[in-house]
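Assemble the complex: chain A is given as a structure, and chain B must be docked to it using the hints.
2 protein chains.
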Amino acid sequence: MAIKDAISALKESFGDQITTSLSELRLHGQSESHFRNMPPDAVAFPKSTDDVQRIVSICADHDCPVIGWGVGTSLEAQTSAVRGGVTVDFRDMNALLEISQEDMFARVQPGISREALNHELRATGLMFPVDPGANATLGGMASTRASGTTAVRYGTMRDNVMGLEAVTADGKAIRTGSLARKSSAGYDLTGLFVGAEGTLGLITELTVRLHGQPEATSAGICAFQNMTDAVDAVTTTIQTGIQMARIEFVDAATALAFNAYSGSEMPNLPHLMVEFHGSPTAVAEQSQMFGDIVKDHGGSEFEWAIEAEDRKKLWAMRHNGYYAILASRPGARAIVTDVCVPISKLAQAVDETRADIEGSLIPGPILGHVGDGNFHAILLIDPENAKEKQAALDLSSRMAERAIALGGTITGEHGVGIGKLDYMTAEHGDAWALMTQIKKALDPQNIMNPGKLIRVN
Amino acid sequence: MAIKDAISALKESFGDQITTSLSELRLHGQSESHFRNMPPDAVAFPKSTDDVQRIVSICADHDCPVIGWGVGTSLEAQTSAVRGGVTVDFRDMNALLEISQEDMFARVQPGISREALNHELRATGLMFPVDPGANATLGGMASTRASGTTAVRYGTMRDNVMGLEAVTADGKAIRTGSLARKSSAGYDLTGLFVGAEGTLGLITELTVRLHGQPEATSAGICAFQNMTDAVDAVTTTIQTGIQMARIEFVDAATALAFNAYSGSEMPNLPHLMVEFHGSPTAVAEQSQMFGDIVKDHGGSEFEWAIEAEDRKKLWAMRHNGYYAILASRPGARAIVTDVCVPISKLAQAVDETRADIEGSLIPGPILGHVGDGNFHAILLIDPENAKEKQAALDLSSRMAERAIALGGTITGEHGVGIGKLDYMTAEHGDAWALMTQIKKALDPQNIMNPGKLIRVN
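Protein chains in written order, with numbering that gives the first Met the number 0: chain A, 0 to 456; chain B, 0 to 456.
Derived by calculation from the structure, the hints in this document are not laboratory data.
Any given hint could be a false lead.
Label-pair distances were calculated between CB atoms; the ranges are [as the list claims (entries may be wrong)]:
no., chain 1, residue 1, chain 2, residue 2, range
1, A, Ala315, B, Ile305, 41 to 49 Å
2, A, Val455, B, Arg454, 22 to 30 Å
3, A, Gly428, B, Asp429, 30 to 38 Å
Some but not every residue of chain A turned toward chain B, in silico, with C-beta under 8 Å [stated by the list, open to error]:
no., residue
4, Ala150
5, Arg152
6, Arg157
7, Thr175
8, Gly185
9, Tyr186
10, Leu188
11, Gly190
12, Asp371
13, Val415
14, Ile417
15, Trp431
16, Leu441
17, Asn445
Note that the coordinates shown come from a computational prediction; the quantities given were computed from them, not determined experimentally.
Glycine residues also receive a C-beta, built at the ideal position from the N, C-alpha and C atoms.
Chain A with its partners taken away, still in its complex shape (with noise of 0.2 Å):
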C-alpha cells in the first residue's frame, strides 16, 4: 500500500507531527458544504518549508495524495481527501513574518487567518482588505482566489498576492513575484499559483499588498422595488467614477431573513448595502451623489451608519447573513451556490435564478456582490431528503449554466473543489485541456490535490 509506506516513512522523519488519530482525520475530512466526509489518512503539522518540502517529497516516493489545509473553510470541497492522503495542515505555520510600511505589504506565513493579520495591523495604519466573509486563512484563500464584499475597491487575492513561496511535487521550493509593485520579467507564476486550489504545489509563505486604513467611512442601506432598479443604480454608480468600498445586496427574502435573526425592520424588498472609504470630503460628496443616483432610480431614502458601531452592526449582519438565513428553516442544511456575471446582466441572472428557485421544492434566498456581478443563492434543504439535495443540485446546475450563457462563470469566489467540475469544459471548452497539460507538467505523478479542478484520466 503505497499511501501506508508515505505514512510510515512520515512518522518516522516526523514523529507527533503526524497523526492518524481518527477524530482528526475526520474533521479534516469536513467540508463547509454538503460534500459526505472525505477524511485523509494521515495529517502533517509542519512547522517550516523545510517541513513541507520533506513532507511533499516522501509523498512523491511513494505516490500518496497531498492536500492542503487552513482553517477548512472553502465550499466546493477543496480540502477533501477524495483519494485519501497526507492533509498538510498549516496551523503551525502562521507566523507573520514582515510588515513594511512604506512600501505597503505584508509577509506571512499561510496558516494565518485574515482577522489575525488585522489585528496585528491595526496600530500601523494599514490594513488587508480582503473578506470572504469566513475567517480563512491567507493561504486557503490565496488558492481558491477568494474575494468579498469588498473586491469591488481592492481587488480579490489574485490583485492583492505580489508574491509567493510555493512547494511543487518534486518537493522543491520556488518563489515567485518581487516587492516591486509590476514587472515584466516572464510569466505570471503568482498569478497561475493563486486560485490553483492546491493543484500544482502548496504555498509555504505570501506576500500580499496592504492598503491604507480609510480615513473616514460611511455605510448605508436602502430598498428598491426590484433588482433592475437596484442594479441600474449601481451601473450608474460605476459610470460616474464614484468608487464604493463595498456594494452588496440582499433579496426580499433575505431581507426577511435578517428581520428574524437580527431584529431589524427591513421592508419586504431587494436591498442595497454600501460602503464609502476616502478623506472625509471624498466620503461625504460620494455619500451624496449615491443617495442621488438612488433616489432617481426609484431607491428608498437611505439609512446611514455613520458611526463605527453602527456600521459594525450593518456588516454584522451581512456577514451572518448565511446563518440568518439557516435560521429561516429550522433543521435545514444549506447549499451555497456561487456564479457571476457580467453587471449588465445581473438583474437578469438573479430574477431568474429566483423564478427557478420559486418553481422548485426548496427556499433560496439570494445575496451577493454587485459591484462584481457576484452572487449566490442559500439554497436550504431537509438532509435527510434525497429529493431535495437533488433538486438544490439541480438549481445550481442551472445557475451555472445561465451564468455561462450571459458571458459569465461558473464560480466567482468559491472555486471549483469537486464541485464545479461537471462545468469546467462548457465554460473553458478547449482552455480547460491547456489547464490539464500544465497541470501534468507539474505534476506528473498526479499527487498534489489530486481529483480537484482539473480532472486527470
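Only chain B this time, still in chain A's reference frame:
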C-alpha cells in the same frame, strides 16, 4: 530545409498574404533598441483567427518558428527572428469588435493601437488608460505586460485584460477569462498569456477593461533638491490614500534635456510630474493635499496645468522624453534600461545608478514612474564605438543586479525578450525552470517565438 517548406506551403494556402520581400523582412527584423537586425524568412498577414490557426499549423508541421508582430515598438528584441521563421503581422486584424458601455469593456483584435482604440472611445465617456508612451498595439502591450505612466492608478496590462483568445502551438484556438469582473474557475490562463511574449501562443483577440473618462483632471510639476525628498513625498502621498493618476520623476539631466528640446525652463534639479483624476471637488482636494506634502518635503512651489492644453504640453514633454534625451547627444543611439524596485528603495536605486553612470564613459539621464518604483536610464552611445556599447550594457547589467538585490525585478514593463535572459536565473532561481516546464508542455517543438523569455536546451 524545414523553414523553406513551411513558406512554400504557406504561399500555396495564402497567396499574397505571405511575403518574402527583402524590405519587409528587414523591417520586421528591426528592433527599437540596440539589437542587430534579425529578419524572419517570411511575413504573414492573417485576416482572421482561422488564418492564424492555419499559419501556426503549417509552421508546426515543418518545425518553423512563429513570431508575433504588432508595430515593433518592444525594447528587448521580442519580435526579432533569432532563428528565422515566419513573422505574423497583425496589421489586418485591428478591428474594434465590441464596446460595452454598461459593463465597461472593449473586445478588440490584437492589431489595434491604443490611440486608435481611445479615438473610437472618445464619445463614450470611457477610455483605455494603459499608456506605455509608444502607440503600441493591444496585442503587443498584452504580450509584454506593458504599463507606463498611468499604472499607479489604473494598473498594468495584467490588470486590464479580462480575457483573450490565443492560438497555441498545436494550432488550436483557446478562449480565456469571461465577461464577468472576477472568476475562481480554474488556473488564470489570461494572466499566463499576458506577459508571455508570444512564447506560449499568439493572441488573436482581447477583452480589455475600460475606465470612465475623469470628470476633472489637474496636472502639475515641481522641483526637489534631491531624489530622496521627491520619493518620500510620493510615499507619504500613497500612504495618505491620495490617488494619483500619474506620478512621474525626471532627474536633473532629463530636465536639462527637456529645456533644450521643448524650450521649458526647468531648474537643474530632479522633478516630479503629477496628475489627478476625479470629481472637481476630489481633484481640488487631492491637489491641495499633495501640494502640502510636497512643501513638507522641501519641494518647490507647484506649477499647475489646469487647462487641457497645458496638460497636453506637459505630458507631451514627458512622452517625448526619449527624443529629448536622444537629441542631447547628436548622432547618439540609446540603450533604454528598465528596472523596478520597492518604492522605499527607489531613491537609493536611482542615486546608485546615477553615480554608476557618472563613473562611466557615457551620459544617461534617468526618468521613471515613481508610484510603481519603475525607472529607466537612457544610455546614450556612439553607435560606432564598441567600448561605449559595452559600457552601456555593463551599466544595464549592474542595474538589473542592483534591482534584484533591493527586492525588485529586472524589468518593470519592457519584458525579457533576449535582452534580459541573462538575469532570469538571478531573479527567479528554480521558478525559471518551472516557467520552462510550462513552455515545454505547451510548445514541445519550441516554435512559438523561440529564444525569448525562456532558454530551451
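To see whether the hints hold, each was checked on the structure:
Here the CB-CB span from alanine 315 (chain A) to isoleucine 305 (chain B) is close to 45 Å, well matched to the stated 41 to 49 Å. Restraint check, valine 455 (chain A) to arginine 454 (chain B): a C-beta distance of roughly 29 Å satisfies the suggested window 22 to 30 Å. Separation of glycine 428 (chain A) from aspartate 429 (chain B) is about 32 Å and conforms to the stated range, judged on CB atoms against 30 to 38 Å. For alanine 150 (chain A), the interface hint holds, the least distance from its beta-carbon to any beta-carbon of chain B being 6 Å, beneath 8 Å.
The closest approach between the C-beta of arginine 152 (chain A) and any C-beta of chain B is roughly 11 Å, which is over the 8 Å cut-off, so the hint fails. Hint on arginine 157 (chain A) holds. Least Cβ distance to chain B is approximately 7 Å, under the 8 Å limit. Among the interface hints, the one on threonine 175 (chain A) holds; its C-beta lies about 6 Å from the nearest C-beta in chain B, closer than the 8 Å criterion. Interface hint status for glycine 185 (chain A): upheld, as the beta-carbon distance to the closest one in chain B is roughly 5 Å, under 8 Å.
Interface restraint check for tyrosine 186 (chain A): the shortest CB-CB distance to chain B comes to about 5 Å, inside 8 Å, so the restraint holds. Checking leucine 188 (chain A) against chain B by beta carbon gives a least distance of about 6 Å; that is within 8 Å, so the hint holds. A distance limit of 8 Å between C-beta atoms decides the matter here; for glycine 190 (chain A) the minimum to chain B is near 4 Å, and the interface restraint holds. Contact between aspartate 371 (chain A) and chain B, as hinted, is supported at the beta carbon level, the nearest pair being about 5 Å apart and thus within 8 Å.
A least Cβ separation of about 6 Å between valine 415 (chain A) and chain B falls short of the 8 Å threshold, and the interface hint therefore holds. Hint on isoleucine 417 (chain A) is violated. Least Cβ distance to chain B is approximately 13 Å, over the 8 Å limit. Satisfaction of the interface hint for tryptophan 431 (chain A) is found here, the shortest Cβ-Cβ separation to chain B being roughly 7 Å, below the 8 Å cut-off. Against a cut-off of 8 Å between C-beta atoms, the interface hint on leucine 441 (chain A) holds, since the closest Cβ of chain B lies about 6 Å away.
This hint is violated: asparagine 445 (chain A) has a C-beta 14 Å from the nearest C-beta of chain B, more than the 8 Å allowed.
Hint check: violations occur at hints 5, 14 and 17; the rest are consistent with the structure.
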